[in-house]
Amino acid sequence: MIHFHLVKCASQAFLPLLLSMFGSLLVGLFPLESQSTTTMARITASVLVAAGLALTANAQAPVWGQCGGTGWTGSTSCASGAYCSSQNAWYYQCVPGTAPAVSSTKATSVPASTTRAVTTTTSVRTTSSSRAPATTATSVPSPSGPKYFITFGDSYSQTGFNINSTEPNPQNPLGNPDLPGWTASGGLDWVGFMVTQFNASLTYSYNLAYGGATTDASLIAPYATTVLSFIDQVAEFSRSLASKPSWAPWTADNTLVGVWMGVNDVGNAFWLSNRETLLVQVLGRYFDQLQILYDAGVRKFVLLGVPQTTYQTDNLICTATQKTPLMLANGADSNAQLAAAIKQYNDLITSNLAAFKAKNSGITSWVVDTTPAFDKAINNPTAYGAPDATCYNADGVSCLWFNDYHPGVQIQKLVAQAVAAAVGSPWFTCELSPSTVLPACGLTNDVA
Numbered sequence: 001m002i003h004f005h006l007v008k009c010a011s012q013a014f015l016p017l018l019l020s021m022f023g024s025l026l027v028g029l030f031p032l033e034s035q036s037t038t039t040m041a042r043i044t045a046s047v048l049v050a051a052g053l054a055l056t057a058n059a060q061a062p063v064w065g066q067c068g069g070t071g072w073t074g075s076t077s078c079a080s081g082a083y084c085s086s087q088n089a090w091y092y093q094c095v096p097g098t099a100p101a102v103s104s105t106k107a108t109s110v111p112a113s114t115t116r117a118v119t120t121t122t123s124v125r126t127t128s129s130s131r132a133p134a135t136t137a138t139s140v141p142s143p144s145g146p147k148y149f150i151t152f153g154d155s156y157s158q159t160g161f162n163i164n165s166t167e168p169n170p171q172n173p174l175g176n177p178d179l180p181g182w183t184a185s186g187g188l189d190w191v192g193f194m195v196t197q198f199n200a201s202l203t204y205s206y207n208l209a210y211g212g213a214t215t216d217a218s219l220i221a222p223y224a225t226t227v228l229s230f231i232d233q234v235a236e237f238s239r240s241l242a243s244k245p246s247w248a249p250w251t252a253d254n255t256l257v258g259v260w261m262g263v264n265d266v267g268n269a270f271w272l273s274n275r276e277t278l279l280v281q282v283l284g285r286y287f288d289q290l291q292i293l294y295d296a297g298v299r300k301f302v303l304l305g306v307p308q309t310t311y312q313t314d315n316l317i318c319t320a321t322q323k324t325p326l327m328l329a330n331g332a333d334s335n336a337q338l339a340a341a342i343k344q345y346n347d348l349i350t351s352n353l354a355a356f357k358a359k360n361s362g363i364t365s366w367v368v369d370t371t372p373a374f375d376k377a378i379n380n381p382t383a384y385g386a387p388d389a390t391c392y393n394a395d396g397v398s399c400l401w402f403n404d405y406h407p408g409v410q411i412q413k414l415v416a417q418a419v420a421a422a423v424g425s426p427w428f429t430c431e432l433s434p435s436t437v438l439p440a441c442g443l444t445n446d447v448a
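Start counting the sequence shown at 1; every next residue gets the next number (full-length UniProt numbering).
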């Protein structure tokens, strides 16, 4: 297998993440809407590769790769030294070790569909009121019904959900597309993990995140005018979900909103002379959207910060991109500007949240620092199936990075663990299986 390697700064590097901060590199974020059949076909083909669907049934899945589950069409055998372990009905994963002994009366086969076809359709998201029926469920929700996880963000969170297509259901809590969704990780991203592995009970995902998104396109423009900003995503919520329709009868008690914005806002503004004023305006618009959600009845919010992509080494701020042409041209001052912009953005989340809660009663909220999740894998890449901290591969699992600016499956899973640790019961649990428990998920986060 060929791995692509990036230049390092000191012993560990954040080059893949830092490159996500620049709008010129956002052309690979897989926008899910298109104005032409040709463009959509190209996008869909790219997404299929991103989701790892190019694996044949005869290939062995790598360690930490998916090996089965409802609708799975890839390999059900694992690389040497690993076995296929059931995480739940729709997700089996290759984990290191030897398969435990099972009772002779228990089936050991891995569920996988053999009839599912991969196509490159040219469907476009619309505002039609017609909806595709959910797949007939074989499992029964808890007596109190499912919980609802409504999310907003950019390519770090996108799953390709279409509000007018198949609804979330017990067989696929994402609703559509099929698991793991159209992600920029090569497999599940943090949203998918939250509703398939870390959910304490049946939880449905309504994920309106859109690749390339900024908060307000009039303040900080995305790479293309077709990208749905945070404002656009909340407008879609207002059109479809705010009324608590019969197909998504959410309430304040059974609904959690998750927001992971900022990567593109910071990346497109950190170098501007008016950056401080601009980010204040951006976060103002961010919390305007939370106000809309609050007014619709949402009372629980988990907000994810922008990963801090600079770190200290030998008393110097080091960034992984300082040896690239882009950062060499900008010089050392640019690195400091980026670090300051990220810190300002994250600080503004905290300060604005305090004001938001003072203004509105009954809010429960959490702020999650995503940096420890990235650090955990980058500081020990081999523990997560990668040869080093900087290679990338479109399978999303043999390297830490899906490409040179998007984290792969393992980092996304660690982000999900961080969210699970922060929010906790009754929403999420760190228990992956009866024999695998991660106390507090091993990560520390802020609860507001």
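No lab work stands behind these hints: they were computed from the structure. Check each hint, because a few of them may be wrong.
Once the Cα atoms are required to be at most 16 Å apart in a straight line, the calculated EDC-like pairs of lysine to aspartate or glutamate come out as [said to hold, decoys possible]:
#1 K357 x D295
#2 K244 x D369
#3 K357 x E276
#4 K300 x D333
#5 K359 x D295
#6 K244 x D216
#7 K359 x D369
#8 K359 x D253
#9 K343 x E276
#10 K244 x D295
Only a predicted model underlies this, so the values are computations on that prediction, with no experimental measurement involved.
We went through each hint and held it up to the structure:
Restraint check: the Cα-Cα separation between K357 and D295 comes to about 13 Å, which is no more than 16 Å; the hinted pair holds. Restraint check: the Cα-Cα separation between K244 and D369 comes to about 31 Å, which exceeds 16 Å; the hinted pair is violated. Restraint check for K357 and E276: not satisfied, since their Cα atoms lie roughly 23 Å apart, outside the 16 Å limit. For the suggested pair K300 and D333, the alpha carbons sit about 39 Å apart, so the restraint of at most 16 Å is broken.
For the hint linking K359 to D295, the alpha-carbon distance of about 12 Å falls within 16 Å, and the restraint holds. Proposed proximity of K244 and D216 is contradicted: the alpha carbons are some 26 Å apart, above 16 Å. Simply put, K359 and D369 have alpha-carbon atoms about 24 Å apart, too far for the 16 Å limit, and the pair is violated. Proximity of K359 to D253 is assessed by CA-CA distance (about 20 Å); at most 16 Å being required, the pair is judged violated.
This hinted pair checks out: K343 and E276 have alpha carbons roughly 11 Å apart, not beyond 16 Å. Only pairs whose Cα atoms come within 16 Å are accepted, and K244 paired with D295 is accepted, the gap being roughly 13 Å.
Hints 2, 3, 4, 6, 7, 8, counting from the list given before, are not met by this structure.
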